[in-house]
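From just these sequences and the hints, can you work out the full model?
Chain residues, written in single-letter form:
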Amino acid sequence: MSTKVCLWTLDHPNPASLETYVANGGYSALKKILAEKTPAEQIIEQVKISALRGRGGAGFPTGLKWSFMPRSFPGDKYVVCNTDEGEPGTFKDRDIVQFNPHQLIEGMVIAGYTLGARAGYNYIHGEIFELYQSWEQALDEARAAGYLGKNICGSGWDFDIHAHHGYGAYICGEETALLESIEGKKGQPRFKPPFPASFGLYGKPTTINNTETLASIPWIVKHGGQRFLELGKPNNGGTKIFSVSGHVNQPGNYEVPLGTPFAELLEMAGGVRDGHRLKAVIPGGSSAPVLPAEIMMDCTLDFDAIAKAGSMLGSGAVIVMDETVCMVQALERLAYFYFEESCGQCTPCREGTGWMYRVVHRIEHGQGRPEDLDLLMSVGGNISGRTICALGDAAVGPVHSFIKHFRKEFEYHIENKRCMVGD
Amino acid sequence: MPHIEIDGSEIEVAPGATLMDAAAQAGIYIPHFCYHKKLSIAASCRMCLVEVEKAPKPLPACATPVTDGMKVWTRSERAVEAQKGVMEFLLINHPLDCPICDQGGECQLQDLAVGYGASNSRYAEPKRVVREKELGPLISTDMTRCIHCSRCVRFGQEIAGMMELGMPGRGEHTEVMPWLEHQVTSELSGNVIDLCPVGALTSKPFRYKARGWELSRRRTVSPHDGLGANMLVHVKDGRVYRAVPQDNEAVNECWLADRDRYSYEALYSEDRLTRPMVRDGDRWVEVDWGKALAQVAGALKMLRDTHGGDAIGVLASPHQTVEELHLLQKLARGLGSDNIDHRLNHSDFAADAGRAGAAWLGLPVAELSNLDRVLLVGATVRKDQPLAAQRLRQAVKAGAQLSIIHAADDDLLCKVAHKLVVKPSALVQALAQVARALQEAGLDVGAVAASIGGVAVTDAARAIAGSLRGGARKALLLGSLAQQHPRAAELHQLAWAIGQASGARVGFLSPAANSVGAQVLGVQPAGGGRNAGRMLAEPRKAYVLMGVEPELDAYDARQALEALRGAEFVVALTAFKGAAPDYAHVLLPIAPYTETAGSYVNMEGRLQAFHGAVKPLGETRPAWKVLRVLGNLLELPGFEFDSAEAVRAEALPEGEATVRARLDNAVEGVALAHPAPVEGLDRVGETPIYQLDPLVRRAPALQKTADAAAPEVWAHGELIARLGLEEGGQVRVTQGEGAAVLRLRRDDRLPVDAVRVAAGHPLTAGLGARLGTLSLERL
Amino acid sequence: MTLLTPESLAQIDREIAKYPAEHKQSAVMAALRIAQTEKGWLSTETIEYVAEYLGMPAIAAYEVATFYNMYELSPCGRHKITVCTNLPCQLQGAGDIAEYLKKKLGIGFGETTPDGRFTLKEGECMGTCGSGPLCLHNNHKMYTRLTPQTVDQLLDGLK
Ligand SMILES: Cc1cc2nc3c(=O)[nH]c(=O)nc-3n(C[C@H](O)[C@H](O)[C@H](O)COP(=O)(O)O)c2cc1C
Ligand code: SF4
Ligand code: FES
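Residue numbers (this note's numbering), protein chains in the order written: chain A, 74 to 496; chain B, 77 to 855; chain C, 4 to 162.
You may find that some hints are simply not true.
[Claimed, not checked] Once the Cα atoms are required to be at most 30 Å apart in a straight line, the calculated DSS-like pairs of lysine-lysine come out as:
no.	chain 1	residue 1	chain 2	residue 2
1	B	K691	B	K312
2	B	K491	C	K21
3	B	K312	A	K258
4	A	K381	B	K130
5	A	K381	B	K133
6	B	K473	C	K27
7	A	K258	C	K124
8	C	K27	A	K258
9	A	K258	B	K114
10	B	K203	C	K124
11	A	K265	B	K130
12	A	K265	C	K27
13	A	K477	B	K133
[Said to hold, decoys possible] In silico contact screen, one side only, chain A against chain B (beta carbon under 7 Å); selected entries:
no.	residue
14	K104
15	F272
16	G425
Treat the hints as calculated values from the structure; they're not laboratory data. A virtual CB, placed ideally from N, CA and C, is assigned to each residue, including glycine.
Below is the structure:
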């Protein structure tokens, strides 16, 4: 069995418990750095060597991000964990919080130590309230055991973590919207610069990482950056959890080394549902461009390979579609999602997502016009790259890629006022 | 300093500047909607996208900081393509109703759409419709036109200091609205009209009255508070249709208080006096100017000849112009009377003997925004000088410590460092504590040292003193309540001592447009004459009134009315009839500020002149001309002027330099009585914001706002309980002979032994001294 | 008079304690959630009360209440069932489950049964796609891998 960095506790009877975690070496990385007073630079160096890239979607090198933090800034600083996963298709962070909360806590505490933070917040997706509660329990357990709160492991150093519960807004996964949301406001992204590392939560230096990113930290500290890197491939260190959904026999989370061929993952997920043929895959969450089966079957799963294939690894959400899927209908649902979830502050996103949705909706409902496809490409072009946050681009990704790869289906729909697929 | 290249020209810009700043510096206009120089950066409309070398996508100029060596193109193909794309998005849901939109002709969206919009729309879907919002009497909405620039919301949060408008909802469902259709109550609310780049927020009184391009714009100066906001009145067919701000960074920046913006409506009030009138027994008859002036001159001459000049009292409003005030004082003195004053609402004139000059702000208005330490004494600054309050809020936001000593803990919409909230008669004692605390800390408090030795210092006073000892730019400012206070001279003396000891500049927040001018021009006794208080307490045989309504303006309105009613002859030079027919014998219609040339001296000593914006209404005449004729009729020397400028040249020979030479807040020789507060309940009787002067009293839209609500009696909950009164019930307020029946309301921000009953209002005109003692009874 | 029970206020106080003292507003999302859990929905009085409790303008609390999907700004059935219909769930049969629920309850999305027992809502991705089709009961309890049979069981259990 291959190494798992984040979801290994699932192989144990009581995966979420502190006992299971500690019995298998949990919190030893934290104890070690506290006892040895490991210099922060050294930890950051290991994270850099590990080639850990952000698991939240953008794939930004974590070590580099950490090095931006003004650690010696005298005032408050924060570490924020992003468990808002709302990207359709993504459901990995919930499993980390549910089945291995202590590794995330340890990762956040190490981040707090390394970045000189005074407190940490974990922003938890709205619809998973049960996880919010279990996470708070885990925090209590960790506090009681001396791994969190005052005088951690007898070191004299204090650091606490709190949970902040979202309440239904995809945009709060965007890091600055998330900060606004913690501040008790509408979750509207901030223009950058300034970046959170200089102006973050409450205007203080802040580092934000995805849950899976932070949960990988204890492993890296314990085993060294080099071993983590070797789990994956150069520039793509470590394992990655892929959330496989859609038309497979066993939807679920699969943690595999970065660089694993897609075909292997598909097999682990039980293959395309019985009797059907693979048609298309969205390899990195709904914002990632869709790829036709042929391209996908030749692809390995790592940031660089998928980018080369014309999409992105994103959050590692693999949405599998078989030949029964009407691409117009699928796109209509995604277009509706981005329209609904646009925070509304930037003109192109607020106005453009509604425009795109309404046109796709018309096509799906037999009211399409020949010029609609070019119009969609052009409206998309006027959104992408012109908004405050990447939701604008995210909304355009599906529209452009669906039309690019499946234009015939759209044309058929416009001409014949019905689907080319199925029934 | 970074060098950048913008549209081909090389410039050097300040570090930290944005591309928008750089463009402005280079004289390049970058289209924008959400950006506003006074508001935080939203970067959300995306109209200002420009092309930057090496940037993979266009960047918003408003939010992108310059870096050395940057190359920027604001009109390249890529930039214009991005700008056009944004414009198309803005227009898809914007109604095409320019022909009926009040903003038509002065709309940023319309202007830019001409340059950037496509001629036909590619948008074939249904357009969004947004429900209207009720914002009260000042602002109309057409919310479907809103382009979500969020300027109005940021204005509330950042400038007005209160978030009255928000943007609930998400995505395209986001709508600008107030909480629960409450009318907006900020005294600066009208600025959102100027800020709104489209016709979503427009002026309610102006709605559908005229189109932007039909109006001509005339520069003028606000006639209300002592800030002297610069504004433009918009005129058509000899009538003022609206007022808007004129940028002046040193004074009002780009803002107006609602009072400045909406008081023009009063110019056409039914109460306007448009023909001279004389009393004929119980009747009033309209007469021509010659007859009216002859009667005035005759009566004054006769009374002077029989009783001497001292029989004549002259009361002028500090809202009159420099020219008018100068001629009026000249007339008084020509008649042999030194009984002249503009301080009707003052009660203590003891400092007059020891004053070194005219009381003024003590620093430039603009410096209010940059102070490190401020102590406000007896100042209801938000209502009295709304834009000065705005500047103080900016200072606090930038880190200033603002403390107050006042008779009410009103919400200043900013953080208050320390406060001493006591009833009015305890204010002297409170200020003495601060002086004493400084003395205890080893500072020299000069002449007051001997009188404050026994003062017990509270922690709050010590904290205020401590705050004043720190910081570099600091000021102690005396507000209206301190100026009207029965022991105003002692407050002044103590303030001066504290200023000397701590290094804080001492200043006065001028209540009226020309308070400083009136002092500089000598519109107060100079040679032993009677001040306003004495003129009314010791009734005169004749009164000359200019621009005043003593029954509202006076410190003791009841007493004032009695004095006037008992006089043998009263002439009122006024733009409005008001209550003058009750006590006057001749009414002379004089022009309000829009109908005459003139000038005002603002609180910092700035002399600001203006021309008449329109012709005088009816037979109204500019007051300086009326006074000139009166002077001639009375055969007084030196009344030959052929223009307002000529009058001004005599009044202030060196112009503003003459003013500045006469400004001085130093005072000496005021004896400090043993500072003990008066027993019983003190009245806190201030002039409400929309009762300041004859114009605002008659401005219909302002009179419909919450701030103009009929006066009520406000008392602390503990006092209400102690007196067994009922919140919300009617109570009788008694002040000596005077009484009024008003509704009782609770305000725990007042001291327990003070009761707030506004002055300057017809419903309370029957009461006595503004800061006297009163009693309350259940009805 | 307090509008919320002492238990709710104690919960809100616990949330406030998570943030720096000068940033009480950070607790507004939690406070609105707690208030909604007690009251079933957020009336203007409730929002005003919460805003005052946290020392923030009511309009700012209202902005929050209207930005996030899970707050209810009008009265709602005793049992709110929110079905995710986003693409991954749809591929796994959410469309059929939604139709089944609509038919069974006799209402469409955004509607409440006449007896006030159920409200049906369409939801966005709930971050649990691998277990779709799924629904959320009263915002806080999730039911996954729905089939017509498990839907029947679920509804029968909700009185
Ligand atoms: C619209 C939008 C939604 C996002 N949603 C998430 C999310 O749910 N979870 C997440 O970790 N990152 C999300 N991100 C990415 C974050 O902004 C941020 O890059 C990430 O949390 C950084 O963590 P990492 O460097 O560890 O990946 C989103 C970004 C955008 C633009
Ligand atoms: S791109 Fe959309 S979601 Fe992102 S900030 Fe702009 S309006 Fe909000
Ligand atoms: S798509 Fe339904 S939970 Fe994600």
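### Task
Find the hints from earlier in the document that the structure breaks and name them by number, from lowest to highest.
3, 14, 15
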